[in-house]
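Since the structure of chain A is provided, determine the placement of chain B on it from the hints.
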Amino acid sequence: MFTPNLEDCHQPVVELEHVSFSYRGQQVISDLSFSAKERDFVGIIGSNGAGKSTLLRMIVGLLPAGDGQIRLFGQPIRKFKDWERIGYVPQKNAFNPLFPATVREVVMSGLYNNKTLFRRVGKSQQQKCDDAMEVMGIESIAGKKIGELSGGQQQRAFLARAMINRPDLLILDEPTVGIDAKTQADFFELVTHMHQHHHMTFLMVSHDMGMVESYLGQEPKQQNGSINFYVRHSHDIQNCEVPDLQHSLS
Amino acid sequence: MVIDIMLSDFFQRALAGGILIGITAPLIGIFLVLRRLSMIGDTLAHVTIAGVALGFLIEVYPLGAGLVFAVVASFAIEKLRKAYKSYAELSIAIIMSGGVALASLFFTLGMGYNTDVMSYLFGSIYTLDTQDLYVVGAVTVVVVAVVALFFKEFFLLSFEEDAASVNGLPVRLLNMLITVLTALVISTAIKIVGALLVSALLTIPVAISLLIARSFKSSVILSVVISEIAVIIGLVIAGIWNLAPGATIVLLLILLLVLTMAGKKGLSV
Numbered sequence: 086m087f088t089p090n091l092e093d094c095h096q097p098v099v100e101l102e103h104v105s106f107s108y109r110g111q112q113v114i115s116d117l118s119f120s121a122k123e124r125d126f127v128g129i130i131g132s133n134g135a136g137k138s139t140l141l142r143m144i145v146g147l148l149p150a151g152d153g154q155i156r157l158f159g160q161p162i163r164k165f166k167d168w169e170r171i172g173y174v175p176q177k178n179a180f181n182p183l184f185p186a187t188v189r190e191v192v193m194s195g196l197y198n199n200k201t202l203f204r205r206v207g208k209s210q211q212q213k214c215d216d217a218m219e220v221m222g223i224e225s226i227a228g229k230k231i232g233e234l235s236g237g238q239q240q241r242a243f244l245a246r247a248m249i250n251r252p253d254l255l256i257l258d259e260p261t262v263g264i265d266a267k268t269q270a271d272f273f274e275l276v277t278h279m280h281q282h283h284h285m286t287f288l289m290v291s292h293d294m295g296m297v298e299s300y301l302g303q304e305p306k307q308q309n310g311s312i313n314f315y316v317r318h319s320h321d322i323q324n325c326e327v328p329d330l331q332h333s334l335s
Numbered sequence: 321m322v323i324d325i326m327l328s329d330f331f332q333r334a335l336a337g338g339i340l341i342g343i344t345a346p347l348i349g350i351f352l353v354l355r356r357l358s359m360i361g362d363t364l365a366h367v368t369i370a371g372v373a374l375g376f377l378i379e380v381y382p383l384g385a386g387l388v389f390a391v392v393a394s395f396a397i398e399k400l401r402k403a404y405k406s407y408a409e410l411s412i413a414i415i416m417s418g419g420v421a422l423a424s425l426f427f428t429l430g431m432g433y434n435t436d437v438m439s440y441l442f443g444s445i446y447t448l449d450t451q452d453l454y455v456v457g458a459v460t461v462v463v464v465a466v467v468a469l470f471f472k473e474f475f476l477l478s479f480e481e482d483a484a485s486v487n488g489l490p491v492r493l494l495n496m497l498i499t500v501l502t503a504l505v506i507s508t509a510i511k512i513v514g515a516l517l518v519s520a521l522l523t524i525p526v527a528i529s530l531l532i533a534r535s536f537k538s539s540v541i542l543s544v545v546i547s548e549i550a551v552i553i554g555l556v557i558a559g560i561w562n563l564a565p566g567a568t569i570v571l572l573l574i575l576l577l578v579l580t581m582a583g584k585k586g587l588s589v
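Protein chains in written order, with my numbering: chain A, 86 to 335; chain B, 321 to 589.
In isolation and in its complexed conformation, chain A is listed as follows:
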């Protein structure tokens, strides 16, 4: 019987080497080295002001690292061009709620990247959008304005947007802030289900320890200042096979 080699199929996805960051003379992140491999679920937990959002912004290139090296999929971040491999779910308050965009328009925007400049949206992109909305169970509200939805529905729309390219790395920045406890639990269950059934690496920032400990354990794998890293390694999940996105959630 074929047994996959777990070491070989789990390449590093995000690597931080001796990364530091200072803001207005104050050291926010100091000499941090960390790596997340394929199919890892990393919870970056810390109180407000601990620097976890700063860290996430550095990882996605929104902030330059003061010192040290950041690599995405083995490439230094400055040379990284394959942004469609990354899905990003922002904080709930990252957008103007009065913006006149429909759910479909928001989900579709996940396809607009450096490689689709000057290209028109065709039928295959429309189909990708329909598929992503169907997987997240929001196809019935596709025509509604994003600002008119509940917090949970909005986050599902943003998750659909992040998933539309079937990314290899999904980054979630405090995705459940300002959402009621029941919806938070539902959302987290959806995310963990996706982790178990998709060939994806997850990086999630949260200040809510309670929500992640059931999935990631109570002991942080690593600490840097007030930021704690909780990791569920990919070898906790059975093997390296790539399941189909559509089937696994249906």
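Read the hints as simulated data drawn from the structure, not as lab findings. A virtual CB, placed ideally from N, CA and C, is assigned to each residue, including glycine. Errors might be hidden in some of the hints.
[Said to hold, decoys possible] Partial list, derived from the structure: chain B residues whose beta carbon lies under 7 Å from chain A:
1. 332
2. 333
3. 473
4. 533
Just chain B now, with coordinates in the frame of chain A:
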């Protein structure tokens, strides 16, 4: 009498210029309003006036000089916005006062052309000559083409700039493009409605469309339609009753806004 005015060359040039500006102003205005940069219109308009004043002073095509001033100012605003990231409105205040100061300096240096400059302050669509119309036409082609080409990118940039960055879009370049297009639209629109009223043409049609549109695409289309209704009806009314055309268009837009708000309130009660 009314028909005579409508058929006159100056009125037809005014109508053509008005219709073109009626397309470009809300097309750029929607991205400014949604990114909470409505005041940028006023700022660039004041700087344009300084350029126009200099144009008269050194006898260069005033609209062209105004256009150059507006484009340079748009770059300066972007630079200052980066320097004062947490106080983005500071850049607007600094450039606006700089524009007014320069304009008044050029006014005092060339006292003889004050009436000409006044027409740029309050607009004088009936004095639009063929050369002006060519400039407005060229700007319209550029604005419509660039917005059509980058429509989806401008949408994401306005909706959530961070997501646009994470997707690898050239955010700085796109921001700069919107600012330069804004400068082009404003420097041509001041001949129609005047520097003091130009931001109304950029923002009020958008404000009305935001009340009724059900999607981003429909809000863009609606704001252009509303702007065209106001420009065409406003020019006709101004022509018939000999009113100031720029002011008539703006007041008509405000009336449409009030009616839409009242209609919406009536429906929701």
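Verification of the supplied hints:
no., hint, result
1, 332, "violated, 35 Å"
2, 333, "violated, 35 Å"
3, 473, "holds, 6 Å"
4, 533, "holds, 5 Å"
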